[in-house]
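Number of protein chains: 4
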Amino acid sequence: MVVMIRSEASQEKIEHLKKWLSDKELIVREFQGQEQCVLGLIGNTNCVDKDMLKSLDIVESVSDMTETFKASNRKMHPEDSVLEMPYGRGAMIGGGNFALIAGPCSVESREQITFVAKEVQAAGANFLRGGAFKPRTSPYDFQGMGSAGLELLLEARAATGLPIVTELMYLHNLDEFLQKEIDVIQIGARNTQNYDLLKELGKCTKVPILLKRGLAGTIKELLMSAEYIMANGNENVILCERGIRTYEQDYARNTLDLSAVPILKSLTHLPVIVDPSHATGRADLVPSMTLAAVAAGADGIIVEVHNDPANALCDGAQSLTPANFATLVKKIEKLREVLA
Amino acid sequence: MVVMIRSEASQEKIEHLKKWLSDKELIVREFQGQEQCVLGLIGNTNCVDKDMLKSLDIVESVSDMTETFKASNRKMHPEDSVLEMPYGRGAMIGGGNFALIAGPCSVESREQITFVAKEVQAAGANFLRGGAFKPRTSPYDFQGMGSAGLELLLEARAATGLPIVTELMYLHNLDEFLQKEIDVIQIGARNTQNYDLLKELGKCTKVPILLKRGLAGTIKELLMSAEYIMANGNENVILCERGIRTYEQDYARNTLDLSAVPILKSLTHLPVIVDPSHATGRADLVPSMTLAAVAAGADGIIVEVHNDPANALCDGAQSLTPANFATLVKKIEKLREVLA
Amino acid sequence: MVVMIRSEASQEKIEHLKKWLSDKELIVREFQGQEQCVLGLIGNTNCVDKDMLKSLDIVESVSDMTETFKASNRKMHPEDSVLEMPYGRGAMIGGGNFALIAGPCSVESREQITFVAKEVQAAGANFLRGGAFKPRTSPYDFQGMGSAGLELLLEARAATGLPIVTELMYLHNLDEFLQKEIDVIQIGARNTQNYDLLKELGKCTKVPILLKRGLAGTIKELLMSAEYIMANGNENVILCERGIRTYEQDYARNTLDLSAVPILKSLTHLPVIVDPSHATGRADLVPSMTLAAVAAGADGIIVEVHNDPANALCDGAQSLTPANFATLVKKIEKLREVLA
Amino acid sequence: MVVMIRSEASQEKIEHLKKWLSDKELIVREFQGQEQCVLGLIGNTNCVDKDMLKSLDIVESVSDMTETFKASNRKMHPEDSVLEMPYGRGAMIGGGNFALIAGPCSVESREQITFVAKEVQAAGANFLRGGAFKPRTSPYDFQGMGSAGLELLLEARAATGLPIVTELMYLHNLDEFLQKEIDVIQIGARNTQNYDLLKELGKCTKVPILLKRGLAGTIKELLMSAEYIMANGNENVILCERGIRTYEQDYARNTLDLSAVPILKSLTHLPVIVDPSHATGRADLVPSMTLAAVAAGADGIIVEVHNDPANALCDGAQSLTPANFATLVKKIEKLREVLA
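Chains as they are written, first to last, in numbering that gives the first Met the number 0: chain A, 0 to 339; chain B, 0 to 339; chain C, 0 to 339; chain D, 0 to 339.
Same shape as in the complex, but just chain A (with noise of 0.2 Å):
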């Protein structure tokens, strides 16, 4: 740890610190510079609170040396991450298994989400996406169909053998989750820092957790929250860059940031994956902003696609026609080969 210290900072003051210092059985090493002192701290930094000493008048800054981020660390784990489905169901994730994750936004009847599995899977979806219960900003709004929701996708899954992905809100439903066989428990931007929900995820299971970045949310506030499910037992995290929250709002829900995706593979050694649906909000972005992100690295995309192919009201949906995903899955395959 390295500590600056403020040009105006007495002797008196730094002594006092340096003392303070001392007594916590660090070892303190001093540079002087020409206008200012550097205190540089051995051992065992932890004893101190960074943030009290940040905020100490004489303290200009502090700099950590150790690394904050432990278990998804690429440092200490430089090869990618690979996580298999647990439930024999086959597909991967991460180390170049590329997840194409589709389906509705919330699941609404048996015929829908058997009618998307189905044309997800045929146009080259490796994994089932639907939502059951729905976070919702407003108590009064549709809350998602709950577990009558999750009896359906467990339908679709034994219809087209894909692996599921779907939304944990609430920690009492995590046993049914389990109990269900859930492939991939998601666990949304506004759970990002629900900590007894990801300690929870950490102990009780090894099921692979699709963790969203928060509505504003940094990139190192989303690899704590990783560290708080890997610290606690459970190495299979999936991270997902979602949009962020900015002051440009006219055109895109959020502003999807795509340079995320080589910084945490920089990072980590987790798998990133991308959601350009809940990006922006406009299924005509979603391609670009799908290939784009494949472009930038990332290990999968999931993406809303809806059914209801005769509806002309779907036109212009957040999600994507069947027909749509299609198309632009033979691009992605392309890319990738490109890429490679």
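No lab work stands behind these hints, which were simulated from the structure alone.
Quick caveat, the model's predicted, so the values are computed rather than measured.
Possibly wrong hints are sitting among the right ones.
For chains that are exact copies, the list does not tell them apart, and a pair is met inside one copy or across any two.
Capping the alpha-carbon separation at 20 Å, the derived lysine to aspartate or glutamate pairs in EDC-like fashion look like this [said to hold, decoys possible]:
(1) LYS133 with ASP195
(2) LYS12 with ASP283
(3) LYS264 with GLU7
(4) LYS219 with ASP140
(5) LYS333 with GLU199
(6) LYS49 with GLU59
(7) LYS202 with ASP140
(8) LYS133 with GLU220
(9) LYS49 with GLU14
(10) LYS49 with ASP283
(11) LYS198 with ASP140
Guided by the hints, dock chains B, C and D onto chain A, whose structure is given.
Using the frame of chain A, we list chains B, C and D on its own:
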């Protein structure tokens, strides 16, 4: 609800949409502008998914004329809410009752919390704050004293009679908080959209909930989170502005959004307080930001006050010393007199 | 124009407003919803100050149905613009003509700029970039070589035939830029709303203007700045996404907003290019972000390539080496083939 | 300057860097931490490009210990600057002299500006504001009355004796501003980094410059822009917080960053004022935000006051009525007494 149609929309698609809306038993009125068609919808518009409508290719925008905030809405409840403490410890919040909530960030020891409690009471505080369960971005950081810390808070309460405000992080601790008669349950910025927790706080208790704005939460989201608690049965919610995440990160931890105070006061009857300590992260900014919050019309403030006046290291910490706090309270009182 | 009236507005005030609007020779149509009144205005709404209307206490919102973008609007000009270089140096931008603009951040010496020019040309670049006038946040920092740097760029152009792209910072240098037949005049992010400069670029020349998005500029503002140039007579504008300012500042200088590419392409016929070097500030992120920009549909890229391959210090700089650039160009070409 | 080396850097590269730095006549001191090496540089570090250093692959971060702010720095000039108006019209700003700047957004007519000038003077204003040249995002919007508006301002000044504050947009108008003895020249948010303009304002005049923070400008950038003026010869700069661009856009135009006031006051000796009218865009928020600005320690405020009390349409406009303003001034005065 008013739906603006894009100028290039075909008449056929507009008719298709009008029929679809009529089928939902809505009255559809068409207004044909010079360049654009607008549809006005009358009836129960809850049956229509606004997001879906917006995403149609022929739709430019959708405006909802119904109120999204219900229980918290000042229109439905023009008078300021006045919240009484449930366990007979006297202090009230709202409607002219100013909340002066002070105490250390974390409970550290019996001596510390009791000492600070007495000091802030002597200075004029009417609530004691102190964290027993601490939300930390990293799983490797100190997570607070937990239940032992709660016990120490009870002792400090017994010694002073001050009602206590402390953060609930985990649902499984709610019973303990209720049994220990915690006077005000604080929900931190990372849990503002933890709907699981919010619902239970609505169902299981009438204890006042101090709800902090999310790390990068909108004013709308804060109110909708209050709705989650209120719609489930607990109308005693206190809103708290605590700084928002912006691009400006060089000199303060967050950007304190004081205009949120008059905006919230115009939208809702709930009390609105301000946390200048977490917003700025710098003790030297706390006094001026506290006074600004009072001038902006806040119903109270929650500030960090730490003991340890003998330790010179604390000069510049995020927390005020008891002496600084006492000086600040005198200024607050003068300010409130003048503004009354 | 559509004006939404607040539900609590008195009938008297609404009538007052309607009269005021009618007096401006607008036809006012009233639509009475269940909860709210809406006014539709037909006629020349330019005579009404939209901001003033919005700020009336009885007005909830105002929607403008007329197009704010005129000259740049794709609706008025559905085909992609193709910009030809004015001085007969051949390269074109837009409508399938991909711009590969490369070169050093700053012109440093004759050897440097001529060496890099030849290297990037050999790798496939069709434009040479290089800064002679550098915008610096601090007045105490190096401000570029100035006119001497321009001369060196002309020499590099003479040696290679590559058209040159360089930044104009000051109005008083415009004559010099025109006399020296600078092929593309770049306007930097700090000058995107320097209307003085934009107007003159519209009046005095037909040379293509490479207009960068502001430091925290919206897509609308970028287009309106293009309008300032176009409305004054110069339709040859190239838009450039170069990263926006967001709360995420730990791993890259800015957040590259690649969804701006398809959004801009849908709104305007002007060419849209991407600057991954300034957006990220990290050479290791430039290749993946360049490929992502191509996949997102950009009409070109502008990247920093620096000489000095012998100096190991340059490994990780923001600039690519000529060799890295050559490798990248090959990938871009393959990608463009596949996406065609 | 302190350079943190990445833990994985090879010794060879570190030696290479040390040699390169020594060759620049810097003294290089090495501090070897447990996990990381740190280099301290002593001497004239201006010869090193900090950005280049940062981008080296072996460098983790670079901290500059020299002061980036020079002329504006409070360390060099501990006393508050007190700015006197240059043309003998009396009012001062800074060091306890509170600036109460009021007037309409735009000059509209002789009657309007003279009427408002008299009203705000009677209420206690000591400066008159009014825009003759208006910066507009769109080239198709009204751009102000121009020189004719300036003339009307002069008449209002003659009628009241109030010094005037008005915006300079274009360099070519500077002579006119100086000839007409404009008392305070305002530089708007879009021109905060128009270095061309800033340099000339430094070279050509000693008239006080009211410099607004950029649309999404940092505190550092605002100070550096002041340096551009001061380093070129004009030390009379007034800084103005006017709201910043954030994700919160539903209820106010910008987010007023009041913590910028005490932060700027600690960093610089220049006066700091606040513009609550442009920050919020809502007249109903102006009084509370004005009082909050005063409580935060501002040296003045600049608010919009509009005539037209007879026209009911103006009730809710961004501007205060003269009567509202007079009420507000009384509160400001009381507040200042209490805070003194």
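Hints, verified against the model:
1. For the homomeric pair LYS133 and ASP195, the shortest alpha-carbon distances inside one copy (19 Å) and between copies (12 Å) are both at most 20 Å.
2. For a Cα distance limit of 20 Å, the shortest separation of LYS12 from ASP283 across copies, 18 Å, qualifies, whereas the shortest one inside one copy, 61 Å, does not.
3. For a Cα distance limit of 20 Å, the shortest separation of LYS264 from GLU7 across copies, 17 Å, qualifies, whereas the shortest one inside one copy, 42 Å, does not.
4. Taking identical chains as interchangeable, the C-alpha atoms of LYS219 and ASP140 lie at most 20 Å apart only when they sit on different chains, with a minimum of 15 Å there against 32 Å within one chain.
5. Taking the closest pair of Cα atoms, LYS333 and GLU199 never come within 20 Å of each other, the shortest separation being 40 Å inside a single copy and 46 Å across copies.
6. Proximity of LYS49 and GLU59 under a CA criterion of 20 Å is satisfied in both settings, with 12 Å inside one chain copy and 19 Å between copies.
7. Taking CA atoms no more than 20 Å apart as the test, LYS202 paired with ASP140 passes between copies only; the shortest distance there is 18 Å, against 32 Å inside one copy.
8. Proximity of LYS133 and GLU220 under a CA criterion of 20 Å is satisfied inter-copy only: 16 Å between copies versus 23 Å inside one chain copy.
9. In this assembly of identical chains, the alpha carbons of LYS49 and GLU14 lie at most 20 Å apart only when taken from the same copy (18 Å versus 31 Å across copies).
10. Taking identical chains as interchangeable, the C-alpha atoms of LYS49 and ASP283 lie at most 20 Å apart only when they sit on different chains, with a minimum of 18 Å there against 46 Å within one chain.
11. Taking the shortest Cα distances, LYS198 and ASP140 sit within 20 Å of each other only across copies (14 Å), while inside one copy they are farther apart (29 Å).
When held up to the earlier numbered hints, the structure conflicts with hint 5 and nothing else.
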